[in-house]
Amino acid sequence: MENRNALISVKELAKVYKTGDFEVHALDNVTLDIDKGAFVAVMGPSGSGKSTFMNILGCLDSPTTGEYYLEGMNVLKLNKNELAELRNGKIGFIFQSFNILPRTSALENVELPLLYNSRVNARDRRQKAIEALSSVGLGDRIHNLPNQLSGGQQQRVAIARALVNNPLIIMADEPTGNLDTRSSYEIMNIFQALNDKGITILMVTHEPDIAQFAQTNIMFRDGQIVSNEKVQDRKMAQEELQKLPVIKRENILT
Amino acid sequence: MKIVNLIKIAYRSLSKNKFRVFLTMLGIIIGVASVITMLAIGEGSKQNIQTSISSLGTNSITVYAGSMNMGGVRMGAGSYSTLTEKDADIIRARCEYVNAVSPVVLKGSQIIAGSQNWHTIVYGGTSDYFAIRNLAIASGNIFSTSDQRNAAKVCVLGQTVATNLFGEGKDPVGSFVRINSIPFRVIGLLEKKGQNTFGQDQDDVIVAPFSTVQKRMLSTIYLNSILASAKSEADIENAKDQITELVRMQHKLAIKDEDDFTVRSQADIANVFGSISKVLTMLLASIASISLLVGGIGIMNIMFVSVTERTREIGIRMAVGAKGRDVLIQFMIEAIFISFIGGMIGILLGISVAGLIAKFGGWPVVITMFSILLSFIFSAAVGLFFGWYPAHKASNLNPIDALRYE
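Respectively, the protein sequence lines represent chains A and B. When we follow the numbering used here, the leftmost residue of the first sequence carries the number 1, and every step to the right adds one. When we follow the numbering used here, the leftmost residue of the second sequence carries the number 1001, and every step to the right adds one.
Rather than coming from a laboratory, the hints here were simulated on the basis of the structure. Incorrect hints may appear among the rest.
With a straight-line Cα cutoff of 25 Å, these simulated DSS-like cross-link-like pairs (lysine-lysine) come out [unchecked claim]: (1) A:Lys243 with A:Lys11; (2) B:Lys1086 with B:Lys1153; (3) A:Lys80 with B:Lys1192; (4) B:Lys1215 with B:Lys1046; (5) A:Lys18 with B:Lys1193; (6) B:Lys1018 with A:Lys77; (7) A:Lys128 with B:Lys1018; (8) A:Lys80 with B:Lys1008; (9) A:Lys128 with A:Lys235; (10) B:Lys1192 with B:Lys1215; (11) B:Lys1002 with A:Lys80; (12) B:Lys1046 with B:Lys1016; (13) A:Lys80 with A:Lys90; (14) A:Lys230 with A:Lys128; (15) B:Lys1107 with B:Lys1046; (16) A:Lys128 with A:Lys197; (17) A:Lys36 with A:Lys128; (18) A:Lys197 with A:Lys90; (19) B:Lys1153 with A:Lys90; (20) B:Lys1016 with A:Lys128; (21) B:Lys1278 with B:Lys1002; (22) B:Lys1008 with B:Lys1018; (23) A:Lys128 with A:Lys77; (24) B:Lys1192 with B:Lys1002; (25) B:Lys1107 with B:Lys1256; (26) A:Lys90 with A:Lys18; (27) A:Lys90 with B:Lys1107; (28) A:Lys128 with B:Lys1153; (29) A:Lys235 with A:Lys36; (30) B:Lys1046 with B:Lys1278.
With the Cβ distance kept under 8 Å, some of the chain B side facing chain A (calculated, not the full set) [stated by the list, open to error]: (31) Gly1174; (32) Asp1204; (33) Arg1216; (34) Gly1324.
A virtual CB, placed ideally from N, CA and C, is assigned to each residue, including glycine.
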């Protein structure tokens, strides 16, 4: 029986890729519960199946076999349109490569999920998008295009886009993979703040340093979970940011 | 999903990719414009040929001396001297399907008036000649029956001849010209007819009474041809048969003998040129269909590429909650916009290019609704299909596969 209290509950989840005669078991009978309000970092070497796991949980990909319950709802029974509604309303996805639309302003990028939600009218849409951008510290950059933003800022646009529909869960696949330390810590700061507000966060990372910001660390190897532990001496992004050396503006070559 | 939102999404996407949109439209514009222009030229020449053939007199029937085929030796019509005035007389007297008959003789001559001279063809006919050939008088009169009977030295000039001998805008009626040193009084001036389809100047003629040309200039009893006019279009075939019968009888030909003359109606000639213009139209239509095909491939190519390269964008849209249908509708709106605006510009461009050809090339053009609809519907259909197909494929992928698409 699935755990009715868990936000996410997966049972014997498997994903098999066939290339010619070979079968690659990207996920091998993974069973896991994630409670509401958790902040989980999924770790593991390349090819361990952590991203595949995340994509399936984010309803971007489908497993070969297994069961997946989100808020007690059998996700694998849903059709494509119902999955799209789920992605639109309950899940916010953040990618390593940002995946924001080029030549499109920050505001319009953040408005995008709301445009696919017919319950939101034009005025609310704008209002919510501006609020989401302000909450990630980009309130003064709403009309900038992606190529006028730094990597960290682009990732924050992506976070704002993930937040704008008030999701239950934020899923982030290597959100800091393309960012420097300071930007990474800033992203973690946002994640911890969101988590404090009760949003469940699931994050894939291969940096142990970044995983320290989560509450729980799950380790993947060869498509299986090898450990699932609470983080000892969890890092707080606010403090870590203050420890970073301050770069004086005049020393930056432009 | 609100359609208003999808229109907004499509509008944003179009306005952010103006250059791509322009290139895609260009394919459609050129495709549509070239087909419209091509078919306008084809249709124009077809109608031009038809009008100039009917201007020769649609009901007219010509009897030529000689036959196409005499005892196995094939000769051109008109190469024998077999027709005489009696043949014309018997047709006029006995053929019930014709209302006008004129014997025709002709001679190329040097015409002199004062210090000017000009070479042209002098046609000899009766007063019916003018009616059969649709020749109208601009000034003066045609010759009378008594002029004909007396072989009077009078003539009617075509506009080109009058201009060359007497100067632009001068009325030559009452003046004298010398044809082969014989002085003729000018009694009439023909109305301008212009060039016919075959490039002949129909105004470069002189018409004189038949008897005058035959007796005073040619000194012969034979005719070049006989012109007749059927009472109506329906009578043409009967008239031809009856004329053949009458002339065979007059020539005392036995049943086994072949005709020593040829009867042709203007309709026969029109048919020949009609089939020539059909070939021309088919040629132009095949060129047009090639341009349509090439245009279509161009539209297909750019639509396919531009939608395929946006697979990743489709992945992003689906990751944030767009349904497959939403993506498809967005791409259809974009494709409809591009096809329709491109098609409209193409139609306008095609019409203007055809207009320029008519103005500066002097070539007649006729733009038909058919060519506009054909090119527009074809281009729009190709644009819509190849805008829809790759988008449909991408929207059926798992979002993660669309996102990973390279």
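A quick look at each hint next to the structure:
Between Lys243 of chain A and Lys11 of chain A the CA atoms are separated by roughly 42 Å; this puts the pair beyond 25 Å, and the hint is violated. Distance restraint check for Lys1086 of chain B and Lys1153 of chain B: the Cα-Cα separation of roughly 23 Å lies within the 25 Å cut-off, and the hinted pair is therefore satisfied. At most 25 Å may separate the alpha-carbon atoms for a hinted pair to count; Lys80 of chain A and Lys1192 of chain B exceed this at roughly 77 Å. For a cut-off of 25 Å, the pair hint linking Lys1215 of chain B to Lys1046 of chain B is broken: about 42 Å separates their Cα positions.
With a CA separation close to 82 Å, the supplied pair Lys18 of chain A and Lys1193 of chain B exceeds the 25 Å bound. Of the supplied pair hints, the one linking Lys1018 of chain B and Lys77 of chain A is violated, its CA atoms being roughly 42 Å apart against a limit of 25 Å. Using a Cα cut-off of 25 Å, the hinted pair Lys128 of chain A and Lys1018 of chain B is violated, with the two alpha carbons roughly 29 Å apart. This hinted pair checks out: Lys80 of chain A and Lys1008 of chain B have alpha carbons roughly 23 Å apart, not beyond 25 Å.
At most 25 Å may separate the alpha-carbon atoms for a hinted pair to count; Lys128 of chain A and Lys235 of chain A exceed this at roughly 30 Å. For a cut-off of 25 Å, the pair hint linking Lys1192 of chain B to Lys1215 of chain B is broken: about 29 Å separates their Cα positions. For a cut-off of 25 Å, the pair hint linking Lys1002 of chain B to Lys80 of chain A stands: about 18 Å separates their Cα positions. Distance hint between Lys1046 of chain B and Lys1016 of chain B is unfulfilled; the C-alpha atoms sit about 47 Å from each other, more than 25 Å.
Under the criterion of a C-alpha separation no larger than 25 Å, the hint pairing Lys80 of chain A with Lys90 of chain A is consistent with the structure, at around 15 Å. Simply put, Lys230 of chain A and Lys128 of chain A have alpha-carbon atoms about 34 Å apart, too far for the 25 Å limit, and the pair is violated. Of the pairs offered as hints, the one joining Lys1107 of chain B and Lys1046 of chain B is violated, with about 33 Å between alpha carbons and a cut-off of 25 Å exceeded. For the given pair, Lys128 of chain A sits about 17 Å from Lys197 of chain A by alpha-carbon distance, which is consistent with the 25 Å threshold.
Among the hinted pairs, Lys36 of chain A with Lys128 of chain A is consistent with the structure: their alpha-carbon atoms are about 24 Å apart, no more than 25 Å. At roughly 15 Å between alpha-carbon atoms, Lys197 of chain A and Lys90 of chain A fall within 25 Å of each other, so this suggested pair holds. The suggested pairing of Lys1153 of chain B with Lys90 of chain A is violated, with an alpha-carbon distance near 108 Å, which exceeds 25 Å. Among the hinted pairs, Lys1016 of chain B with Lys128 of chain A is consistent with the structure: their alpha-carbon atoms are about 23 Å apart, no more than 25 Å.
In summary, the hint linking Lys1278 of chain B to Lys1002 of chain B is not supported, as the alpha carbons are separated by about 53 Å, beyond the 25 Å threshold. Between Lys1008 of chain B and Lys1018 of chain B, the direct Cα distance comes to roughly 16 Å. Compliance with the 25 Å bound is thereby established for this hinted pair. At roughly 32 Å between alpha-carbon atoms, Lys128 of chain A and Lys77 of chain A are farther apart than 25 Å, so this suggested pair is violated. A threshold of 25 Å between alpha carbons decides the hint, and for Lys1192 of chain B with Lys1002 of chain B the separation of about 68 Å lies outside it, so the pair is violated.
A threshold of 25 Å between alpha carbons decides the hint, and for Lys1107 of chain B with Lys1256 of chain B the separation of about 34 Å lies outside it, so the pair is violated. With a CA separation close to 31 Å, the supplied pair Lys90 of chain A and Lys18 of chain A exceeds the 25 Å bound. The suggested pairing of Lys90 of chain A with Lys1107 of chain B is violated, with an alpha-carbon distance near 100 Å, which exceeds 25 Å. At most 25 Å may separate the alpha-carbon atoms for a hinted pair to count; Lys128 of chain A and Lys1153 of chain B exceed this at roughly 103 Å.
With a C-alpha separation of about 21 Å, the suggested pairing of Lys235 of chain A with Lys36 of chain A holds against the 25 Å cut-off. A distance of roughly 8 Å separates the Cα atoms of Lys1046 of chain B and Lys1278 of chain B; the hinted pair therefore holds under the 25 Å criterion. Residue-level restraint check for Gly1174 of chain B is violated (minimum Cβ-Cβ distance to chain A is 83 Å; threshold 8 Å). For Asp1204 of chain B, the shortest C-beta to C-beta distance to chain A is roughly 68 Å, which exceeds 8 Å, and the interface hint is violated.
Below 8 Å, beta-carbon pairs count as interface contacts, and Arg1216 of chain B has none with chain A, the closest being about 90 Å; its hint is therefore violated. This hint holds: Gly1324 of chain B has a C-beta 6 Å from the nearest C-beta of chain A, less than the 8 Å allowed.
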